[in-house]
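Build the full structure now, drawing on both the sequences and the hints.
So the sequence lines, in the order shown, correspond to chains Z and R.
Under the numbering used here, the residues of the first sequence are numbered 1 to 396, in order.
Under the numbering used here, the residues of the second sequence are numbered 1 to 453, in order.
Hints were generated in silico from the structure; no laboratory data involved.
Relax, there's no trap hidden among the hints.
Just a few of them, taken from the derived set where beta-carbon distance is under 10 angstroms, the chain Z residues facing chain R:
(1) Leu25
(2) Val35
(3) Glu132
(4) Ala352
(5) Ile366
All C-beta atoms in this analysis are idealised placements derived from N, C-alpha and C, irrespective of residue type, glycine included.
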Amino acid sequence: MTDIASPAPKRERSSLLTNPRTRSLLIQGVLFVAVAVALWFFISNGRANLAARNIATGFGFLEQSSGFDISQSLIRYDDTATYGRVFFVGLLNTLLVSGIGIVFATIIGFAVGIARLSKNWLLSKLAEVYVEVIRNLPLLFQILFWYLGVLAAMPAARQSLSLFGLAYVNNRGVVLARPIFGEGSDIVGLALLAGIILAAAMRWWAHRRQMQTGQPFPVIKTALALIFGLPLLAFAATGAPISIEWPELRGFNFSGGIRVLPEFVALLIALSTYTASFIAEIVRAGIMAVSRGQTEAAESLGLRPGPILRLVVVPQALRVIIPPLTSQYLNLTKNSSLGVAIGYPDFFAVFAGTTLNQTGQAIEIIAMTMAVYLTISLITSALMNIYNRRMALVER
Amino acid sequence: MSDIAFVRKEIAPMAPPPLAVGGILGWMRKNLFSGWFNIAMTVMSLALIALILPPLLRFFFFDAVWAGDSREACLGASGACWPFIKAKFGQLVYGFYPIAERWRPDIVFALGAILLAGLLIPRVPFKRWNSILFFGVFPIVALIFLGGGNFSLNQFIIGRIIPLAAMLQGAELFGLTLSFWLDFVVSSVLITAVAYFVANALGADGRFAARAAAALLIGLGAVLLTLDFDFGLVPVETRQWGGLLVTLVVSVTGIVTSLPLGILLALGRRSHLPIVRVFSVCFIEFWRGVPLITVLFFATYMLPLFLPGGLTIDGLLRALIGVALFSAAYMAEVVRGGLQAIPKGQTEAANALGLGYWQTMNKVVMPQALALVIPGIVGNFIGLFKDTTLVLIVALFDLLGQIRAAFSDPSWATPTTLFTGFAFAGVVYFIFCFGMSRYSMFVERRTSAGRRR
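This is the structure:
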């Protein structure tokens with residue numbers, strides 16, 4: 001304590017680099033310039049290369065006639081249609097296989113996920129084996145297996161396997177019975193719509209009445225009666241306008257009915273079983289995330305197992321389940337592009353495959369392809385986010 | 001005491017013993033037959049097992065053909081045709097790699113397996129050195145062994161301005177291009193000097209900048225020297241690689257590059273610098289929104305369009321770039337999940353101790369965040385491993401591609417060839433993926449030991 005006045009601190013040579021503000025500006029500036037230079041490099045190369053190869057840029061090719069056939073199309077299509085139409089045919093095929101795939105994957109996934117939690121040891125082990133085997137094999141492997149292995153090994157058309165006459169399976173795919181909508185079938189459709197609306201209104205009314213008076217109302221039975229009863233009544237009243245066209249074996253092939261491509265069947269089976277194995281794990285994790293105390297509290301209130309599951313466990317589990325479930329749906333949609341390996345005419349195969357080969361418009365086509373998948377995924381996640389917000393825990 | 005109405009004289013009969021709750025019978029009663037629903041489930045499960053298991057066992061073992069050397073051996077059998085796998089084994093593992101050179105992939109496999117085992121088994125010491133060897137040295141060694149090394153290097157920086165190559169007339173020493181190395185040394189000295197003066201001008205430590213630049217350049221030089229040196233190995237083009245070799249090369253490259261890239265992207269997404277954040281978000285969301293197959297198509301058919309004319313990139317390398325960028329985006333989201341789970345107090349405490357950004361991340365945040373998301377990371381690795389099969393769509397022959405090619409060999413055309421091939425590939429993929437997932441569960445148990453009370 002002899003010298004209180006310490007020597008004046010040596011002035012540090014202040015550096016621009018140690019100043020947080022200039023430093024962050026510098027880092028961002030460098031990054032921006034680097035990205036801009038890289039983009040400029042790629043674009044200028046691309047223009048030079050396209051000019052050298054005499055490829056005209058632009059979307060004029062969408063107006064040209066395509067000149068190739070597509071084996072499955074939901075809208076009218078022949079080989080004189082334009083590439084623009086090819087785009088929509090492919091898009092609809094993708095949406096078809098992913099839409100049906102999502103339904104099947106959800107059903108199988110929930111069934112297997114609940115089976116894994118079953119008290120029955122054998123059943124839960126079986127479900128576990130399913131999940132582990134399917135999850136640990138590549139999807140492309142499974143698609144090829146179903147297509148080359150299982151469907152190609154099916155019997156020929158004459159020895160088709162019949163599922164109650166409603167569907168026939170052979171090595172050329174599946175033939176389904178086709179419903180034929182005759183005169184007056186729109187009335188049946190309207191009756192179905194009315195039944196659904198009435199059921200929804202009845203559910204809302206019953207919920208309100210139970211809130212006010214505590215009187216329960218048999219909602220499910222009434223709803224089923226409305227949804228199925230009204231169309232049946234209309235069906236009988238209008239003189240049975242809907243008939244079924246049964247597939248018939250004529251010579252070596254079937255006539256009548258809906259022909260489903262074997263590629264579609266293989267892709268659908270592979271996509272739904274594969275995604276289901278992931279959904280099963282999500283469902284299991286979601287149900288296990290609901291603490292045991294919730295069930296016990298509900299039991300002590302005197303609720304029976306059914307209502308406990310429906311009113312207490314499932315609503316809380318859904319909160320955990322829905323975000324990862326969304327990404328599985330998205331994965332399924334994106335994975336449907338693997339159909340190109342077996343020749344299913346999905347969006348990727350007909351547009352980024354055949355159309356790209358024929359026109360050589362690589363940049364436009366790949367950009368459009370990526371834009372389509374980006375749009376699908378953004379829309380799906382937006383919808384799921386809305387649902388998720390409605391389901392989310394309301395906290396004070 | 002005479003008003004007691006009734007006193008029991010004899011011992012009450014013994015109640016029957018409770019139903020067994022222990023032992024095999026008790027376990028079965030509790031887990032398989034506890035009610036009519038449970039019994040129904042048990043019967044259904046048994047029926048399912050009886051439906052699936054015997055045909056599988058018959059196919060794999062009892063009806064399978066084990067010996068033979070041509071399709072005749074398998075024609076009558078209804079089980080797997082294992083001689084087919086035996087005959088095609090070389091192709092399934094190495095593709096069209098020249099038979100005389102197959103010892104090279106073997107050495108790479110063995111080296112990789114030893115180093116990986118050293119990394120994965122917790123009790124093996126020298127983890128730090130081991131990881132440097134595996135992540136830094138092994139890729140270069142593998143590249144030289146598999147491809148043959150002896151790359152021809154032309155010009156570095158100065159060589160683009162002064163025609164050194166013409167002046168030295170392509171003189172070589174041990175396979176080293178002299179003009180390139182003269183170029184490299186001169187350029188390195190210049191870069192180091194520039195680093196020194198620029199840093200000094202900005203008021204930072206010039207000597208530190210020069211030392212850092214020199215260290216980086218020496219490291220780069222060492223790598224380039226190894227690649228340029230002629231080890232006398234026959235060059236094998238990547239077109240000849242195939243089978244399990246390609247599967248492993250693609251997946252290991254993807255795994256090794258996606259983790260650091262993903263960590264950087266995740267940090268970028270949580271950065272306070274707006275431009276860095278926007279770039280990271282765009283990059284991640286773009287790659288996550290498109291299917292891998294479009295990425296591979298993009299890399300295969302469009303990348304050449306965006307490069308200077310005449311510059312071609314090897315087909316396998318293009319697929320590798322696509323896979324690495326794609327998986328980096330997914331990895332970034334997993335790592336971000338871990339980062340978000342670390343309380344802000346950790347960063348604040350580190351800042352209060354005077355740690356800078358990178359020190360905070362390196363020593364405080366990342367070790368905790370990564371330990372939290374090990375299951376997610378390994379899940380990504382498994383997904384990546386399975387996704388390597390997609391390279392067969394862009395005409396590279398991985399294991400699945402080789403199997404598919406082997407189906408069309410008429411000299412092995414039997415009714416069961418197809419299923420045998422699928423069975424073999426399925427078992428291989430399953431072993432790898434299942435092994436990874438079990439290992440991740442093991443690590444998870446170890447790392448969560450401290451948190452579990």
